[in-house]
Amino acid sequence: MPIYTAPTKDMQFLLHDVLKVTTSSVPGYSDLDPDFTNAILEEAGKISSEVLQPLNVIGDTEGCVLENGMVRTPSGFKAAFDQMKEGGWTGIDMPEQYGGQNMPYVIGTAISEMFSGSNQAFTMYQGLTHGAASAILAHGTDAQKDTYLPKMVSCDWTGTMNLTEPHCGTDLGLMRTKAEPQENGSYKISGQKIFISAGEHDMADNIIHLVLAKIPGGPDGIKGVSLFIVPKFLVNDDGTLGARNGVSVGNIEKKMGIHGNSTCVMNYDDATGYLLGEAHKGMRAMFTMMNEARLGVGMQGVSQAEAAYQNAVDYAKDRLQGRDVTGTKNPDGPADPLIVHPDIRRSLMDQKSFTEGGRAFLFWGASMIDAAHRNNDKDADGLVSLLTPVIKGFLTDEGYDMTVRAQQVFGGHGYIEEHGMSQFTRDARIAQIYEGANGVQALDLVGRKLAVDGGKHVMAFFEMVKTFCKENSTISEAFTADFIEPLKSASKDLQAAGMYFMQNGVKNPNHALAGSYDFMHMFGHVCLGQMWAQMAKAAQSALDAGSSDAAFYETKLITGRYYMARRLPATALHLTRITSGADTVMALDATHF
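Counting with this note's numbering, you get residues 34 to 626 for the letters of the sequence shown.
The hints are simulated quantities; they were obtained by calculation from the structure and are not laboratory data.
It cannot be assumed that every hint is accurate.
[Unchecked claim] Calculated pairs, BS3-like style, for lysine-lysine (alpha carbon to alpha carbon, straight line, at most 25 Å):
| hint | residue 1 | residue 2 |
| --- | --- | --- |
| 1 | LYS489 | LYS521 |
| 2 | LYS211 | LYS314 |
| 3 | LYS288 | LYS111 |
| 4 | LYS314 | LYS221 |
| 5 | LYS525 | LYS503 |
| 6 | LYS540 | LYS489 |
| 7 | LYS411 | LYS314 |
| 8 | LYS178 | LYS118 |
| 9 | LYS482 | LYS314 |
| 10 | LYS540 | LYS525 |
| 11 | LYS350 | LYS42 |
| 12 | LYS482 | LYS540 |
| 13 | LYS482 | LYS256 |
| 14 | LYS53 | LYS499 |
| 15 | LYS411 | LYS499 |
| 16 | LYS503 | LYS521 |
| 17 | LYS53 | LYS411 |
| 18 | LYS221 | LYS211 |
| 19 | LYS79 | LYS118 |
| 20 | LYS53 | LYS503 |
| 21 | LYS111 | LYS287 |
| 22 | LYS489 | LYS499 |
| 23 | LYS482 | LYS521 |
| 24 | LYS42 | LYS53 |
All values derive from a computational prediction rather than experimental measurement.
Using the sequences and the accompanying hints, generate a full structural model.
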């Protein structure tokens, strides 16, 4: 049986040593004193390890079952879902007006990472509901908010997002689902959606589907798409549930992973729907949900890497294989533990430096969302919008890769199901695909996000890195050599790549698009380099202040040095690939593939 321990100590370090939340001007942050956040994180961690983690393998092996139009979730899921609702965990960062606790998004992100790390498939049910509720909160009428949000915040009703159709994945302009207007102001929704996570299940009284569809006579392509609220059961004026709507499950998808989540084919047959936001402006409303979801998916990459890493470390310390080439470390045993071997250490350090750096990146992103939403900070909003494809794409690519490395530590035992390592890899794989496949994230970054507001936000990022390096170059010669110089070098690589796009991408856009994936990864490495430099500064300050937990802070510095020396130099490779241009990428005729 796999293990999982919530990384609450590392989260506390990020909140208080690195982000220094209590000194922030963001409303609500001053209330996040260490004792308060520790109590929340520890309780969430307890639920993760004691309630959700034991159900992870059960969900994987049992999966969901479709019977007579209803989906039965795995054993124990409903009881655990009820426990989550009773504890108020489903509305931790939602407005009090609708039954939430109105805590900052950064706290919700920390809690979600723990829940996802212990059981990703289960956590998706409430995660999707949160995203749907956020879209209604941002774009719904007062009547829609009053009707749906209290029940969705409590997860008495859950939510979904319906975009994909059999012939229409990323290119939503090809959508065929129709929305016929009715005299009473509602619409009749007809069409089929696929890959709908949590589309049907037995854990909630109602399911509120947010469905993209086209109103006849609207603009062609993506400009003609609108968003609709389509409940499984219609809601009466007094809030009680009425008749079953014209929405049904056609099938449950058979998937590589996340078996405990019911990924459904949804059929809409003259289902009653209600316009959310403006007609033909559906993507604007949907992106409220998708941007939040993309940060959440980036979190899934980190969470699965963390869970897999914990198991790999446990195994490496216990499994006896071979002898240390520098001298026996376990003289009373037939062999030394795996962890003495440099290649195992390399793998584990790759994993550890990624999960801790990735978590810092997520928390930083979440703090920018808080600043944007709670402080109306336009600069924070612009920067996190720029970084959203990096958070989603880079963290899920790397997260998946780290689950493979953790599996590799087990050798053949990682390939069989006894140790449960394949589940982390299989569950992490979807994060690279849904909410916009990672290749699309890279195209969005280079093709759209870099140029937003005249490039203001990417220039602000470079200036932030430059200012940090300048202000902290005198901490010590060792700090400069270990952290400042590698960060400056990586940032220059990133700027050089951007300059290449500017000089070559206009006359031949393929030069930019062929390098977009490398650019996204280069950007991710620079972001983690920035995070590690900030964490190292915080750790050194704690040591200089005589912290009683010196081992924790020394470990941070050692791990950070590893990332800067062994992982961050990847920016040079990415730059070389980018500046090679598109000619070799596009040279082969399609008939020769």
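Verification of the hints:
1. Distance check on the hinted pair: LYS489 and LYS521 sit about 20 Å apart at the alpha-carbon level, within 25 Å; holds.
2. Our distance criterion of 25 Å between C-alpha atoms is met by LYS211 and LYS314, whose separation comes to about 15 Å.
3. A distance of roughly 21 Å separates the Cα atoms of LYS288 and LYS111; the hinted pair therefore holds under the 25 Å criterion.
4. Annotation: proposed proximity of LYS314 to LYS221 holds, straight-line Cα distance about 18 Å (limit 25 Å).
5. Taking the CA atoms of LYS525 and LYS503, the gap is near 14 Å; set against the 25 Å cutoff, the hint holds.
6. A distance of roughly 22 Å separates the Cα atoms of LYS540 and LYS489; the hinted pair therefore holds under the 25 Å criterion.
7. Pair hint LYS411 plus LYS314 holds up; C-alpha atoms about 22 Å apart against a cutoff of 25 Å.
8. Distance hint between LYS178 and LYS118 is fulfilled; the C-alpha atoms sit about 20 Å from each other, no more than 25 Å.
9. For a cut-off of 25 Å, the pair hint linking LYS482 to LYS314 stands: about 20 Å separates their Cα positions.
10. Distance hint between LYS540 and LYS525 is fulfilled; the C-alpha atoms sit about 24 Å from each other, no more than 25 Å.
11. Pair hint LYS350 plus LYS42 holds up; C-alpha atoms about 21 Å apart against a cutoff of 25 Å.
12. Taking the CA atoms of LYS482 and LYS540, the gap is about 19 Å. The hint holds against a cut of 25 Å.
13. Between LYS482 and LYS256 the CA atoms are separated by roughly 19 Å; this keeps the pair inside 25 Å, and the hint holds.
14. Taken as a hint, the LYS53 and LYS499 pair is honoured in the structure, with Cα atoms around 21 Å apart against an allowance of 25 Å.
15. In summary, the hint linking LYS411 to LYS499 is supported, as the alpha carbons are separated by about 21 Å, within the 25 Å threshold.
16. Between the alpha carbons of LYS503 and LYS521 the distance comes to roughly 10 Å, so the proposed pair stays at or under 25 Å and holds.
17. Note on LYS53 and LYS411: the hinted pairing holds, with a Cα-Cα distance of about 21 Å set against a maximum of 25 Å.
18. Taken as a hint, the LYS221 and LYS211 pair is honoured in the structure, with Cα atoms around 8 Å apart against an allowance of 25 Å.
19. For a cut-off of 25 Å, the pair hint linking LYS79 to LYS118 stands: about 16 Å separates their Cα positions.
20. At roughly 21 Å between alpha-carbon atoms, LYS53 and LYS503 fall within 25 Å of each other, so this suggested pair holds.
21. In summary, the hint linking LYS111 to LYS287 is supported, as the alpha carbons are separated by about 21 Å, within the 25 Å threshold.
22. Taken as a hint, the LYS489 and LYS499 pair is honoured in the structure, with Cα atoms around 15 Å apart against an allowance of 25 Å.
23. Straight-line distance between C-alpha atoms of LYS482 and LYS521 comes to about 23 Å, which keeps the hinted pair within the 25 Å bound.
24. For the hint pairing LYS42 with LYS53, the CA-to-CA distance comes to about 15 Å; that is within 25 Å, so the pair holds.
In summary, the structure agrees with every hint in the numbered list given earlier.
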